[in-house]
Structure formats: C-alpha cells, structure tokens
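Take these sequences, add in the hints, and give me the full structure.
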Amino acid sequence: MPLYHDDDQAMLAETASQFMGEEGAIAKQLRHWRDRDCKDGFGHGLWEQFGEMGFTGILVGEDDGGLGMGHVEAGIVLEEIGRNLTPSPFLTSSVLAATALNHGSDDVKGRYLPGLIEGKSVFAVAIDEGAKHRPETIACKAERSGNGFKLTGKKDFVVHGASADMLVVAARTSGSDSDEDGLTLFAVPKDAANMSHDAVRLVDSSIATHTSFDGVELDGDAVIGEVDNGRSILNAMLDAGRVGSAAEGVGVARGAMDMTVDYLKQRKQFGKHIGEFQALQHRAAHLYSEVEIARAAVIKAQQLLDGGSERASLMASVAKAKVAKTAGLAVREGVQMHGGIGMTDEYDIGLYMKRDRALQEFLGDAYYHANRVAELSGY
Amino acid sequence: MSDLESFRSETRAWLEANCPAEMREPVRDDADVYWGGRNATFKNDAQKAWFEACRDKGYTVPAWPKEYGGAGLSPAEAKVLREEMAAIGARPPLSSFGIWMLGPALLHFGTEGQKQRFLNEIARGEIRWCQGYSEPGSGSDLVSLQTYGEDKDDHWVVNGQKVWTSYADKADWIFCLVRTDKNDKYRGITFMLFDMASEGVSTKPILLISGSSPFCETFFDDVSVPKSYGEDVPAYVGEVNRGWDVAKYLLGHEREMISGADGGNTATIGAAMSRNAGELDPIMRAELAMFDVDALAYAAMGEKFLDEIKVGKAHPAQPNMMKYAGTELNKRRHELIMSAGGSTALEWESEETSGGKPARNWLRTKANSIEGGTSEVMLNVISKRILELPGG
Ligand SMILES: Cc1cc2nc3c(=O)[nH]c(=O)nc-3n(C[C@H](O)[C@H](O)[C@H](O)COP(=O)(O)OP(=O)(O)OC[C@H]3O[C@@H](n4cnc5c(N)ncnc54)[C@H](O)[C@@H]3O)c2cc1C
Ligand SMILES: Cc1cc2nc3c(=O)[nH]c(=O)nc-3n(C[C@H](O)[C@H](O)[C@H](O)COP(=O)(O)OP(=O)(O)OC[C@H]3O[C@@H](n4cnc5c(N)ncnc54)[C@H](O)[C@@H]3O)c2cc1C
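Going down the list, the sequences are from chains A and B.
In terms of our numbering, the first sequence opens at residue 17 and continues consecutively.
In terms of our numbering, the second sequence opens at residue 8 and continues consecutively.
Simulated from the structure, these hints should not be mistaken for laboratory data.
Values in this document were obtained by computation on a predicted structure and should not be read as measured data.
Straight-line Cα separation of at most 20 Å, EDC-like style, residue types lysine to aspartate or glutamate; simulated pairs: (1) B:Lys320 x A:Asp23; (2) A:Lys284 x B:Glu395; (3) B:Lys320 x A:Asp24; (4) B:Lys320 x A:Glu30; (5) B:Lys317 x A:Asp22; (6) B:Lys320 x A:Asp22; (7) A:Lys55 x A:Asp220; (8) A:Lys288 x B:Glu395.
Coverage of chain A stretches by chain B, computed from C-beta distances (three or more under 8 Å per stretch; other residues unrestricted): (9) 18 to 26; (10) 277 to 289; (11) 300 to 306; (12) 383 to 395.
The beta-carbon is built from N, C-alpha and C at its ideal position, and this holds for glycine as well.
Structure below.
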C-alpha cells in the first residue's frame with residue numbers, strides 16, 4: 017500500500033480540515049471553553065456534530081452502525097484535531113474505548129456503541145496508576161463477588177474521567193501486579209456506586225481525573241472480552257491510542273510549524289523579515305524535515321495496524337516516540353521564534369506548547385516508547 | 008496467481024540459479040564492488056558470472072527500457088526484484104555513476120542516438136563515468152564555475168580545473184559542466200560528455216581523512232571536445248548553454264541516492280550493537296533506541312517519498328530534505344557504531360577490524376553532508392523553495 021492518502025482518504029482529509037478549521041477552531045472551542053472554566057474541557061455540542069459528520073464511528077464496524085474504516089482514517093481526523101487544538105473526547109472514546117468495545121460481546125457493544133456513534137456518549141479509559149505510563153504493572157483489583165466483581169483501587173490521568181458515561185478499566189482478576197496474564201477489562205458505567213473522581217485541570221486546559229474504586233460492584237456483563245485474558249485487548253487498545261495520539265501530535269507539530277513559518281514571513285526586525293536570517297531559516301528547514309519524517313512514521317504505523325501486521329506494535333512505538341520529539345521541537349522553536357509575543361496568552365503558539373506537553377505524557381512518552389522499540393527489537 | 012506474484016516466483020528461481028553464493032555476502036572492501044569500464048578486472052569468477060548473468064537479463068538497470076540495455080520492468084516489478092535481491096543479500100552486479108546519475112539524465116534529456124549509444128554502454132558496464140561538477144572556487148556555489156570551453160565551430164577547446172572528481176583516475180569518460188558563455192551565469196553552462204583519454208586531461212589523487220583516495224583533482228589543458236560523436240549523438244546533453252537544467256535534474260538523483268531513500272543506510276543498529284558489544288550500559292542503550300526510532304521513521308519517510316514521487320505528489324525540492332535528514336542520520340549512526348565498538352573501533356589496520364573498517368567508514372560518512380551539496384545548502388533550498396521564506 018503506498019504511503020500516502022488514496023482519493024477517498026484525501027476527501028476525508030479535506031472534509032475534516034474544513035470542519036475542524038471552522039467548527040473546531042481555537043477561538044471557538046479551546047479558548048471559548050477554557051475562558052469559561054468549563055468543567056468538561058470540551059463542548060458537547062461539537063461532539064454531537066462529530067457524530068453528524070460520521071467521525072465518531074470511524075473505527076466501529078459497519079454491523080454495529082459504524083463506518084468500519086481504519087486507523088489511517090481515524091488519524092486523518094486526529095491530525096486536524098491536533099492542528100486546531102480542538103478539544104473533544106475523540107481519542108479516548110472513538111479510538112481507545114471503541115477499539116476495546118470492538119472486542120466485546122454483542123451485548124456490551126449494543127449497550128455502548130449507539131451512543132458513541134451519535135456523539136451523545138463520552139468514554140474514558142483508566143489504565144495508569146501513577147504519574148508515568150506503565151501498563152505492564154496493574155494493581156487495581158477486581159475480585160469475584162456473586163455473579164460479578166468488586167473493583168478496588170485507584171487510577172490516574174483518566175482523561176475526561178469526570179465527564180465520561182463509561183470508563184474502560186483495566187483491573188487484575190488474578191496473579192500479581194506485573195503479570196502478563198490475569199488482567200480483565202471492564203466497562204464501568206458512570207453511575208456505578210463507590211466510584212469517585214478527583215478532577216484536575218491540566219496544563220492544556222483539558223480535564224483528567226484521579227479515579228478511586230472503593231468496592232465498586234460490577235455485573236458479569238461489564239467484562240469486555242474474557243476474564244483474565246484482557247492483556248491482548250489492552251495492547252490492541254493501547255496501540256490504537258498510541259498511533260492515534262501520534263497522529264494528533266503530528267497535527268500539533270504542523271499547526272505550530274505553520275504558524276511559525278507564517279510569522280517568519282511577516283515579522284520585521286533590523287529592516288528585514290526575520291525569515292531572511294539564515295540562523296532562523298535553517299532551524300525552520302530542519303523542523304520541516306523532522307515533521308515530514310514523523311508524519312511518514314505515523315502513516316506507516318497506521319497502515320501496519322490496519323493490515324494486522326506483526327510489526328505494527330514496533331512501528332506504533334516508533335511513531336509515538338518520533339512524534340513526541342518532533343512536536344516538542346516544533347512548539348519550542350515556535351515560541352522562541354515568535355520572540356516575546358510567543359510568551360503571551362493572547363497568542364496561540366503557547367497553546368500548542370501546552371497541548372504537546374499533555375499529549376507527550378499520554379500513553380507513554382518518547383523515553384517509554386524508545387525503550388519499547390529496543391525491547392521489541394531484542395536488546 | 009497475479010502477474011506480480013508469478014514475476015516474484017520467476018525472479019526467485021532466476022536468482023537461485025544465477026546468483027553465486029559468494030555474491031550473497033556483504034560487501035567488505037572496494038574489490039567486492041564491480042565498477043565495469045575499459046580496464047575492469049573481476050575479483051573472481053563468481054563476480055564475473057553474476058555480472059554477466061545480470062547484464063544479459065537487463066538486470067544491471069532493470070527499470071530501463073529493453074532497447075537501452077535494461078529489462079523494461081515496471082516500477083512494481085523493479086521493486087519485487089529489489090526485494091528478492093535484498094532477501095538473499097545479493098550484491099549489486101554493477102555499480103556506476105553512469106547508472107545512478109548520467110543514465111537518468113540521458114533518459115530525460117538525451118537524443119535517441121545518445122540513448123542508443125551511451126545507455127547501452129552503461130548497462131553493459133563498458134564505459135566507466137565520472138562527474139565533473141565541482142571546482143576549487145565553485146563548490147556550494149556551483150553555478151560560479153570557471154572551466155571554459157572556447158567555441159571553435161566543430162569543437163570546443165576546454166581549459167580549467169575540476170576537484171573532488173570521484174574515481175576520475177579510473178574513469179573512461181566524464182560528464183562535465185563547462186562554461187560556454189561568460190555573460191550569462193545560469194544560461195552559459197554546457198553539459199558535455201568526453202573521453203578522459205583525450206589529450207590534455209590529467210588527474211591527481213586527493214587523500215581523504217579516511218586514508219583512502221577515490222578522489223581526484225582533474226585538469227583540462229587545451230582539451231579538444233568535438234561537438235558531435237556521429238549522427239544524432241551530440242557531445243552535449245540538452246542544449247548548448249542550457250546545461251544547468253540538466254545538472255540540476257541530475258543533482259536531484261544524486262541527492263536521492265546519497266540520502267539512502269532506497270533504504271540503503273536506514274538500518275537500525277541497536278540489536279546489532281548489543282550483539283557485538285555484549286551488555287550495553289543504559290545510556291548507550293537509550294541512545295541506540297532513540298537512533299532506531301529515527302532510523303525506522305526515516306525508512307518510512309523513504310518509502311513514502313518514493314511512493315509520492317511515482318504519482319507526482321512529492322514537492323520537487325523534497326530530495327533536498329531527504330538528503331539532509333538521511334546524511335545527518337548516517338553520520339549519527341557511525342558515531343554510535345564507534346562508541347559501541349570502544350577501543351576496538353579505533354584500530355586502523357587490524358584484522359579484527361578488517362583493516363580499520365569501522366573507523367574509516369565513520370570518517371568517510373563525514374563527507375555525506377558535504378558531497379552532492381552540503382547540509383547547509385540543503386537547508387537553504389528547503390527554506391526558500393518549500394517554506395518560501397523571504398530573501399536571497
Ligand atoms: C517575559 C518577558 C519579560 C520582558 N520584560 C521586559 C522589560 O522588563 N522591559 C523591556 O523593555 N522589555 C521586556 N521584554 C521584551 C523583550 O526584551 C523582547 O521580547 C525581546 O527583546 C525580543 O523582542 P521581540 O519579542 O520583539 O521579538 P523579535 O525581535 O520579533 O524576534 C522574533 C524572533 O526573531 C529572532 N530574530 C530577530 N532578529 C534576528 C536576527 N537579526 N538574527 C536572527 N534571529 C533574529 C529572535 O531571536 C526571535 O526568535 C520582556 C519580554 C518577555 C517575554
Ligand atoms: C567525498 C566527496 C566526494 C565528492 N564527489 C564529487 C564528484 O564526484 N564530482 C563533483 O563534481 N564533486 C564532488 N564532490 C564535491 C562536492 O559536491 C562539494 O565538496 C560540495 O558541493 C561543497 O563544496 P565545497 O567543498 O567547495 O565547500 P564550500 O562551498 O566552500 O562550503 C564550505 C562551507 O560553507 C557552507 N556554505 C557555503 N555556502 C553557504 C550558504 N549559502 N549558506 C550556508 N552555508 C554555506 C557549506 O555548507 C560548508 O559548510 C565531492 C566532495 C566530497 C567531500
């Protein structure tokens with residue numbers, strides 16, 4: 017498969033670009049909700065529009081009412097989200113949770129997917145139990161109790177945790193904390209008793225929670241997939257999320273880069289456009305090169321994931337790590353080359369820097385994924 | 008079975024029958040590379056057999072049309088052949104600047120007569136070419152070149168000096184940029200082809216820091232270059248005084264080649280290094296892993312770039328980006344190989360290092376970001392042509 021978008025994908029990209037540029041624009045969404053101190057950090061109206069556009073069900077099978085498309089298509093939407101810093105639950109709901117739900121029973125799918133596709137439901141995923149992404153170790157416990165389970169433990173960095181109608185929770189049903197086996201994924205509904213959220217606004221003005229489960233009672237039909245065999249679904253969900261967040265990161269990098277290059281063409285100092293100074297030209301050109309390469313890594317990972325290749329996990333980590341480094345470079349250079357104005361809240365470039373920071377931490381930073389590249393390569 | 012699948016199985020069978028085991032070993036030194044030419048000698052029978060089998064099949068230049076010595080393969084078939092050759096680790100049967108650089112320019116700009124003659128000679132490995140672009144005062148600013156060809160009706164008299172002419176001492180012919188009009192910087196350069204055995208051509212080797220010397224200074228002292236080698240075989244490519252267009256086109260190919268966009272130098276190194284050096288310390292391991300991230304991402308870029316070129320989606324200045332990123336990556340790769348090798352990698356003449364291969368390769372890679380246009384010049388081109396930044 018060639019590493020560029022085919023005609024249908026290019027058309028989707030155009031649609032997504034136009035939609036996100038108009039409806040998802042920074043002034044209309046990110047700044048709007050931030051300045052109102054919105055408790056969700058995104059607008060539900062926009063999320064419903066995502067549903068009308070058909071974005072919400074991109075990764076959901078056609079039999080379940082979705083579009084049955086792939087990670088390339090999801091990535092197209094995510095790149096535009098990144099470029100416009102559009103706050104939405106797309107990544108957690110339509111990519112991560114949807115991937116998990118696709119592995120669920122018809123019953124589980126029937127309960128949750130229609131709401132997602134309509135843009136009415138919001139889902140979150142609860143994996144990490146500390147400040148860094150370490151899904152190899154999961155201590156949160158779900159003990160058998162009657163026909164169901166009793167969930168105890170704590171999860172951190174649950175993005176949209178407080179606004180979610182359902183949380184996909186990874187918990188241990190047997191074995192010890194760092195065992196490969198013994199994990200189970202649960203779909204925990206919003207109104208479950210004994211679940212509490214400590215919501216915090218993050219640097220990018222999104223909202224995440226520290227979520228506690230203090231003996232949350234779950235029916236047996238809350239299980240996604242099989243009991244004790246949740247690791248493979250978790251891995252599939254994580255790879256989908258990593259490739260998706262890498263795609264969003266490329267959008268952030270390109271958005272920041274485009275703004276910066278524009279500024280270099282407009283701003284005059286010493287009687288010249290600052291873009292005439294070679295010291296800045298070379299840094300801009302270097303940045304461009306890195307962004308192109310990161311983008312290629314992301315498309316490659318998306319295609320391998322869609323094709324079910326055994327190299328998909330490796331390339332997912334390559335993409336996540338490469339994008340983390342590249343988007344970091346793009347936002348740092350962006351602020352620096354804007355000079356003083358880049359430090360002001362009024363100007364958008366700083367918003368890219370904040371989003372990048374949050375995105376880098378989400379599902380593993382560059383170090384985590386470079387380490388995984390080494391492990392998957394056998395060293 | 009699809010056509011492509013049957014082509015793959017035929018190719019596999021052909022390679023099995025024709026590629027000797029000795030030709031499936033990695034290239035260890037210069038003698039392992041066959042460059043062809045009038046004075047060529049083969050290192051051994053296997054090299055000869057492999058070259059001749061490929062030549063007869065058109066596989067020295069598989070994607071060129073059959074009438075010019077190629078196999079007329081479609082891009083998809085050529086890719087299959089590359090993959091199958093890579094799968095058995097086959098050495099290239101013939102290496103040559105004729106294949107990489109002059110050939111593509113002739114396919115694009117040449118007359119039918121030039122193609123018949125020169126492309127066939129290149130494909131059959133009969134003539135070894137070198138590139139006469141750079142001059143002592145004209146490197147990055149190539150268009151300032153001074154070598155002058157005085158018009159004498161049916162021939163030019165060429166005087167001047169070239170530098171960095173790779174393998175000039177071994178080459179039979181040169182493709183050379185010569186000023187033929189002193190009044191127009193860009194439209195006063197002619198792209199000439201002539202015999203290195205012509206009277207007045209001499210070369211002098213340049214020793215590199217890696218201790219080897221495929222490079223030369225090349226001097227032209229009243230060299231007479233005819234304007235034509237026969238009917239429809241002019242001695243220049245394109246038009247007289249419009250050689251800059253040809254030169255630029257060719258540089259695009261050169262940059263693609265040096266960048267390793269074909270996957271040549273994008274291999275990961277972490278696993279290999281840990282095998283060689285035993286336990287890696289954690290910081291080294293992290294460096295290697297970060298390098299592998301970059302190498303795998305770059306490999307994806309190479310694939311994307313080639314896919315986009317095929318359908319005309321790539322920006323025409325993209326090869327500059329590939330050249331910049333690929334060569335900087337390759338330099339970093341060799342820095343890491345040296346570090347991982349420790350003191351062994353410092354040995355300049357030992358058997359253990361096959362005569363100082365790691366160190367010599369490392370030093371040689373420093374030229375990657377200079378030859379074929381420096382990294383700084385690549386960045387200039389990206390800034391101006393792709394990002395459209397103002398000035399100059
Ligand atoms: C937090 C903060 C506090 C400040 N406090 C004060 C204060 O107390 N008093 C005061 O007077 N000012 C203050 N400043 C202003 C500060 O000095 C300016 O922001 C600074 O001099 C840069 O100018 P500029 O913002 O106009 O950027 P510009 O000059 O527009 O620069 C934009 C970009 O172009 C680059 N650039 C410009 N010229 C060249 C060149 N010739 N070659 C290469 N690159 C070039 C710059 O390095 C930068 O990356 C403050 C700024 C900030 C952010
Ligand atoms: C190993 C090797 C093989 C080669 N093979 C061949 C060959 O086969 N045929 C051939 O014709 N040539 C060949 N070359 C020559 C090569 O193309 C030139 O060396 C190259 O173009 C640089 O020119 P220069 O060496 O004159 O450096 P200069 O142009 O003098 O550059 C010196 C430094 O200044 C920088 N610089 C120059 N202009 C700018 C600018 N505008 N902005 C920013 N920085 C700038 C350069 O990047 C470099 O860092 C080879 C060179 C090497 C090292």
